[in-house]
Amino acid sequence: MNFIDRFMASWRKYRKPGYYEEFDYAWTMTVDLDRCTGCGACVTACQAENNIPIVGEKELGRGREMQWIRIERYWEGEYPNAKLSFIPMLCQQCDAAPCETVCPVSATYHNQDGLNAQIYNRCIGTRSCAVYCPYEVRYFNYYDHHWDAPLEQQLNPDVTVREKGVMEKCTFCVQRIRQAKDHAKDDGRRRVKDGEVQPACVQTCPSEALTFGDRKDANSVVAKKMNDPRAYHVLEETNTLPSVVYLKKVRANAD
Amino acid sequence: MQTEVRQARFADVNDDVVRSLVVTGRNYYIALGIAGFVTLTCFFFPWFYQLYYGIGAAGMNSPTVWGTYLASFIFWIGLSHSGTLLSCVLHLTNSEWRKAMYRSAEAMTFFSLFVAITMVMVHIGRPWFIHWAAPYPNQMGLWPNFRSPLMFDVMAIMTYLTGSGIFIYMGAIPDFAAVRDRTTGWRHHLYVLLSLGWRGTDKEWHRLGWAYTFLAVLIIPLAVSVHSIVSWDFALSIVPGLHQTIFAPYFVVGAIYSGTAGIVTVMFVLRKYMNFEHYITKLHFDNLGKLLLLLSLLWTYINMLELFTGWFSGTSTEYEQLKYKLTGFYAPLYWEMILFCAVAPLLLISRKFRTSFVPMLILSIAINIGMYTERFLIVATTLSRQYLPGSWRVYVPSLVEISILVGSLALFVTLFLLFVKIFPSISIYEIKETMGVPKKHGEHHDT
Amino acid sequence: MSNVDRRQFLKLVGAGGVGAGAGFMLAESIKHPVEYLIPYPIPPEEFSPGIATWYNSVCGMCPAGCGISVRTREGRAKKIEGNPLHPVNQGRLCALGQAGLQTLYNPDRLTGPMLQSGERGSEEFIQTTWEESLATVAHRLAAARDGGKNIYLLSEGVRGHLAMLLERFMDGLGSEHLMHYDFAHPHALYAANQRLFGEHTLPYYDIRNTRYLLSFGADYLSNWLSPVHHSLGFGHSRQGTDLDRGRFVQIEAKMSLSGAAADEWIPARPGSEGILALGLAHQILAGGAYTGSDFDDWNAALAGYSAESVAERTGVAAKTIVRLASEFMKAEPGLAIGGGAVDNHSNAVDTLVAVNLLNYLVGNIGKPGGIVFNSDPVVGGPANNRQANFIAMQQLAEQARHGAIDVLIVNNTNPVFTLPHASGFREALASIPMIVSLSSFMDETTTMADVVLPSHSYLESWGDDMPQPGLGFPVAAISQPVVSPLYNTRATGDIILDLAGKLGMKDSMPWDSMEACLKDGWRQIYERSSPDASDFDTFWRDVLVSGVWGEDIHRQDTVVVDKSVIDNIDVAEPEFSGDSEQYPFFLHPYMSTAMYDGRGANLPWMQELPDPMTSIVYGSWVEMNPATAQQLGLRDGDLVSISSEYGSLEAPVVIFPAIMPEVIAMPIGQGHSAFGRYARDRGTNPLQILAPLTATTSGSLATHATRVSLAATGRRAAPVQTGGDTRQLGRNIVQFTGDDSSAGGHSANLNSIPIVVKTT
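Chains A, B and C, in that order, are what the protein sequence lines are. Residues 649 to 903 (this note's numbering) are what the first sequence spells out, left to right. Residues 16 to 462 (this note's numbering) are what the second sequence spells out, left to right. Residues 8 to 767 (this note's numbering) are what the third sequence spells out, left to right.
So that you can see chain A by itself, here it is in the shape it has in the complex (with noise of 0.2 Å):
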C-alpha cells in the first residue's frame, strides 16, 4: 500500500460514522443544577487534585484565571423577584469537539475513552482551540506559576504542573481514570465498575449535584439521569456533542 492509500484507509477509519462507539468507556457527568447550591467546593477540590496554580489577585484582575472548573451565576428578574441561577461550567469533553479540528499539532485529539484530552508537550500555544472552544473552559498559561514554599508539597505527583505558554483544561481526572482501569485490571476485571472512579469535584460535591459514569453501561447513574426528562446539552445548537449533561433546574412556579 503506498502512502495516499494509507492515508486515506486511515482517513476512512476516523471519518466512520460511530467511530467513538467503538471504545470501552463514553465517561460523562451530569450536572443536576436543581441540586447545585454553588457553593464553589468542586472548584477547590479541582484546584487541589489538579495541581491548579495560584494565580494572585493581579493576574485575576487581568482575567487569567485557571480553575479548570467554574460556577457561572445567571441573574432574573428584578428585586424583590430576583432570582439567581448557577451552573459549574467545565470542559464537556465534546464528542465534535471544534478546539480538536483547530490546534494545528494536534495537541488535543479524542482518546480511547472519549475524553477530549490535552497533550501538554505537544502543545505551542497558539491558544485557537480557546478561541473555538464554546464554552470557554480552556485556560492558557500565561506565564510560570510559582508556589510559595512549601506548597509545593501539596501538589499531587500523578499530575504535571504546566509550563508558560501551555493551554490546559478539566481532564475529567484522568489520572484517576487510569489508576481505575489499572485497578480493574489488576483485579481480573475487564471494565471499570459504575462509581469506582470520581473526578475530584463528583467526588466532592456536598450536593451531590454532580454525578460521573460511563454512559454506553445502561445501568450506570449518569446513563439512567441522561434519560430523565429534564436533561439537556448546554449550548446544544452548537453540536458539540457533549459529555456533560445538565439536568434541568426545576422552577416551582416557572411556566
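Worth flagging that the hints you see were computed from the coordinates, not collected in a lab. Here the structure is a predicted model, which means the values were calculated and not measured. Hints may be right or wrong, so weigh each one.
[As the list claims (entries may be wrong)] Dumping the calculated DSSO-like pairs for lysine-lysine here, alpha-carbon to alpha-carbon at most 27 Å:
1. C:Lys337 - A:Lys731
2. A:Lys829 - A:Lys872
3. B:Lys297 - B:Lys447
4. A:Lys731 - C:Lys326
5. A:Lys661 - A:Lys829
6. A:Lys872 - A:Lys841
7. C:Lys526 - C:Lys513
8. B:Lys447 - B:Lys218
9. B:Lys338 - A:Lys731
[Claimed, not checked] Output of the computed footprint for chain C on chain B, the stretches with three or more beta carbons under 8 Å from beta carbons of chain C:
10. 330 to 343
11. 410 to 421
Think of the CB as a built atom: it goes at the ideal place given N, C-alpha and C, for glycine as much as any other residue.
Given chain A, put chains B and C in place with the hints provided.
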C-alpha cells in the same frame, strides 16, 4: 529630437537606478539607523521579555486569548496582498503603468509576509516549537493536524511566500545583470551571484517572459486563497461574529484594499525620497486611486452585509455581537474604522484628489489605520463576547503589545530600506520597454 | 454514591477493617522530623513509593466536625476528601475543608516557639526553644496560681478529649476562667432551645427528609452549623427521593447562597423575622393544624399577629404570609430553621423561639424531617457549655483593664479580629501582664502575645471529636496525624500535658501525650459499645482505619415544650445602634463561603475561590440594591465610606439585585492586619465598626444591629471579579422546567450522543 530624449532617458534609467543603489546619502543612514534602533528597542527587546516572562506580558485574558499580535498578523498578510497580486494582474493585462511600481509593491508583499510570520512567532505561547506545525518526517511519526485551518494557513502562507519570493527575484534578474555591469567591488560580486549569469540573449528573454507570465497566473489564485484561508482561521470557528460565510471574500477584499493603500504610501515615499519623480507619476496615483475607490465600496458593502447578517439572524449571540460592535466598549474604534475606510475614500471620486500626492498619502495611511482597526476589532469584539455571558471580559492591549506593533512597523521599514539598496527598486528593463514604445501623447515626458 | 444513612453507616463501621490507612503506624515515622528533598530515600516498610496511603481523620476548618480522608504520597499530604464512612459529610467536603492542606503547607506558618521582643503588636519576636518557653510559661502559671491571681484560658471551641484536658488543666490551676470563643457560635439558638424545650443543646435538623424548609436567615448551605450535611440533605430532598420534590423558602434581607438555592426568597425587614414566624404560627392555629389541649392559650397569645398586622410590621405581603403558612402546614413534614442574621439581632432569642414554635405547632418534633434531639456526647460533658458570649468577652476585657488578669492563654482563636473595636478587647489585652498564644499562624491575637507556642495543624495532631450538632445518634471520630510535623511545633494537647506535668498535675492528667490520653479515653467507648472487636487494640485499629465510630441509640424521652413560653411569646422590636436619620442603612455583615469568620483568608485557594454570589476574589466589597445605588449616584466599583457610630471603613460598591434597599451587606473575613502574606492588608473587616449591642438573654453580639451611613469618596476601586455578564440573554444556558415529575417537561434531545450498550 524625440530620439535624443528617448536615448537620454534610456541612459538615465540605468544611471538613476544604479545611483539609487550605490550612492547613499546621510539621510539614508539616519533613516536606517532610526528604523533599526526602533526595531531593536520596540520589537526585539519586548519580544525577548515576553519570551522570558510568558505571553502574560501581553494584555490577553481568558476569553480573549487572541489579541493585537494576531490582528497584526492579519494586517501584514493583508498588506502583503496587493503587491504581488496587483503586479500579476497588471502584468497579465499589460498595464503600462504597472512597470514603475511593481518592484516595490512586490517587495512590500515579501516583507509584509516576513513580518506576518514573525508576528506568528510573537503570538504563540511556545515559539521554540513552531516547527511542529510544519509537516516534516520525524521518528515519532507525528504529523501536524491537517484538519486545522491553522495548518492550511501555514501551508498557504509558505506557498505564497515562496511564490512571491521567486516572482520578485525572477523579475529582477535582468536588472541585477544591468547593475552587475555597472558596479565594482563587493557589489559587483553580489550582483554576479544574484544575476545568475544573465547575458541578455533572446532565449533568456524568452524564457524569462514565459516563466514570469506562468508565475503571474499561478500567484493570482494563490493570493486569493491565502487570505481566504487566513479568514478560515476565524470563520471555521463557531464564535458568534466570526462564523460567517462572507469572511473569505471579506478578507480578500480587505487585504487588497489595505495592500493597495500600502502601495500608494510606499510609492509616495519612493517618489519623494528616491528621486523617482520621472517614473512614478500622477497617472499611477490616479489609477491606484480608482482602484482604491472600487475596493472601498466593495469593502463597505461587505461590512453592511455583515451587519445585516447579525441583525437578520435573530439569535441572541449574533445580535448581541452586533450591538456590542456598534455601541459597546470598542464602538469608538468601529466608527473610526468606518470613517477611515468607508467614508473618507469617497473623496477619491474627485480626480483632483486622486492626482494630488499629499492628500493621497494621508488617505492611504488613514485607510491602513482603519484596516488595522478592522483586524483588531475582528479579534477583540468577537472573542470578548462569546456564547456564555458569564465569561465575557474586555481586552485591552498592554504596553508590550503596542510596543511590538510599533516595532513591527519599524522592522518592515528597516527591511525595506535594506531592500532599496540591494534590489533595483524600479524595474529597469520594463521601464525601458515602456519607453521603447513610441507614445501618441508624450505626457510622461512632461512630468 | 455514598448515600450512607445511619444503618448503612453502622454496618460499615461494624464491619471495620475497611480502608487501607493504619494511622498508628505513622507514629513511628513521626519521631524524626527530618526533611528530605526526596521524601524517604529509605522508605519505612509500610510505604510503597507511588502508592497513596489514605488516613481518616477529622476536619478542623470549622466546628461542623466532618470526617476527612487524607491522601498522602511519600509522606506528604496531597488531597483531602470527605470520609465516606462519616455520617456528617458522607464523603463530601466543602471548599474550606478542601483547602485544609494549605493550613498545613502554608508558607506563613509559625515554625518554632517565640518570645515577643518588641512592643506588643509589633510582631518582633525572637526564636526560643520549647524547653525555655514552656519553662517560662509554667513558672509564670505556677506563680499566678500560688499567688491567687487570675488565669484565663480562651480557646477555640474544642470538643472531645482536648476539651476535657483543658477543663482539667484549668481545674489544676484553680481557675474557673476557661472560655471557648467561636465567632459563629449560635448563642441565641442555644438560648432559644433552652427557653422552649428546656435543653441547652443543638438538635438535629433533618433537612434530608423534610419536604418544605422555611429558613429564617440561616445560610445552611454555606456556613450555618453543618453546611456539608445540610447540602447533602438539600440535594436529597430536592431530587433524591420518589416523593415530591422538597421546597425551600428563605426569608432574609440579603440573598445568601441558601437564598439563591431556595425556590422562593422573601425579603423581610431586618429583625422582623420573628414577628413573621408568629404571624405564620397564627395562621397555622387558624388553619387547624395544631390540636393540643392548650390551643386556646396559644390562640390568645398570638391574637395580635393577624396576617395584616404582621404584613405591616415585616414588609411581607399578607397574601404571602397566608400562603406560606398553608404550604408549611400541608407539607409532610415541614421544617423551620433560624440562624444567620436572625441569630444576630437584639431580639434573636425571641425570634428563634418563634421559629421553633412553628415546628412544634405542626408537630414535627422528634420526627424524621423535623427536629430530632440528641443524647449527650459519648465523651466529656455537654458540648459547647463553655462558649463565651459577647458579654463574657467584654467582662474579660473589663477584668483585664482592672489588672485582674495575670495570665491569658489563647488557643487558636482570634477575638482581636472578630470582636468589634468598640469592645475595647485589643486595648484591654495591653493590661494583661502575660499572654500566651497557641496558634499555627501569626494572627491578630497572636501578635499581642508575649510567648507564642506554635501548635500543630489539625493534620499533624491527635484528637477526637463529637460532631455538633449531632445527628440524633452518638458519633465520635478520631483525628490522627497524617504527615510528620513540618516544623518545630507541638500539638495543643501535648503542650497542655507538658505544662500540666511541669505544674504537678500528673494526678489528673497522667498521660505523656495526647495519643495516650485518647487511647485511654476511647477504652471507655470500647467498653460501652461492645463491638465485634475482640480486644481494645483491634478496636482501636479499626477505629483508626474507619476514622469514626457510631452507635445505634436514640433518645427515647420526648422533649416537652415549656408552657410558660406562651405568656411571653411576643417578639420584641429589634434595637439598632444609630438613629435612622443619620444612619439610614442597616449593615448586614455575613460570613462568606470561603472565609468563614476570617480563618480562610490566609489560604490562597480560598482567596481565589470566587464568591458564588458576586464572583469576587481577593477583597472586600459592599453590596447594595440597584435602587439604593441609583439614589446615591453610585456605580459598581465606586469606593464608598461606610460609617457607624463606632467607626468607619471603605469598600467598593457591588450592585446586588437581591438585597433590600435599606440594607447594605458586607462579607466578613478580609481586613486582616496580620495572619500571613495572603490575608494581610487586604480588604476591610466590617466587624470593626459594629456597635457593642447584644441580643437579650443570650448575651451574644448582635452583629446585625448596627445602622450605618454611606458616603461616596469619589474614588474607584473595582474589586477583582472572575465573572462577566450575569444575564442569560435568552441563551438557555441554565434551563428550567416547571414540572418536576418525569412525565412532564419536554423530553431532552440527547439522541445526538452516541450511546451504545455493550455487555461484557
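### Task
Compare the distance between the alpha carbons of lysine 337 of chain C and lysine 731 of chain A with 27 Å, and conclude whether the hinted pair is satisfied.
holds, 25 Å
### Query
Would the pair lysine 829 of chain A and lysine 872 of chain A pass a check requiring their Cα atoms to be no farther apart than 27 Å?
holds, 22 Å
### Query
Would the pair lysine 526 of chain C and lysine 513 of chain C pass a check requiring their Cα atoms to be no farther apart than 27 Å?
With Cα atoms ~17 Å apart, lysine 526 of chain C and lysine 513 of chain C stay inside 27 Å; holds.
#### Entry: Coverage of the region 330 to 343 of chain B by chain C (three or more Cβ within 8 Å)
holds (count 3)
### Task
Take the C-alpha atoms of lysine 661 of chain A and lysine 829 of chain A, compute the straight-line distance between them, and say whether it is at most 27 Å.
Holds, because 26 Å separates the two Cα atoms, which is no more than 27 Å.
#### Entry: Restraint status (C-alpha distance of lysine 872 of chain A to lysine 841 of chain A at most 27 Å)
This hinted pair holds, its Cα atoms lying about 15 Å apart.
### Task
Would you mind confirming whether the straight-line C-alpha gap from lysine 731 of chain A to lysine 326 of chain C stays at or under 27 Å?
The given pair, whose Cα atoms are some 20 Å apart, holds under the 27 Å limit.
### Query
Straight-line Cα separation of lysine 338 of chain B and lysine 731 of chain A no greater than 27 Å?
Since the Cα atoms of lysine 338 of chain B and lysine 731 of chain A sit roughly 26 Å apart, the hinted pair holds (cutoff 27 Å).
### Query
Between lysine 447 of chain B and lysine 218 of chain B, is the straight-line Cα distance small enough, at 27 Å or below?
Holds, at roughly 19 Å.
#### Entry: lysine 297 of chain B paired with lysine 447 of chain B [C-alpha distance capped at 27 Å]
Given pair lysine 297 of chain B, lysine 447 of chain B holds - Cα atoms ~19 Å apart, limit 27 Å.
### Task
Mind taking a look at whether chain C covers the region 410 to 421 of chain B? Criterion is 3 or more residues with CB to CB distance under 8 Å.
violated (count 0)
Taken one by one, the earlier hints fail for this structure only at number 11.
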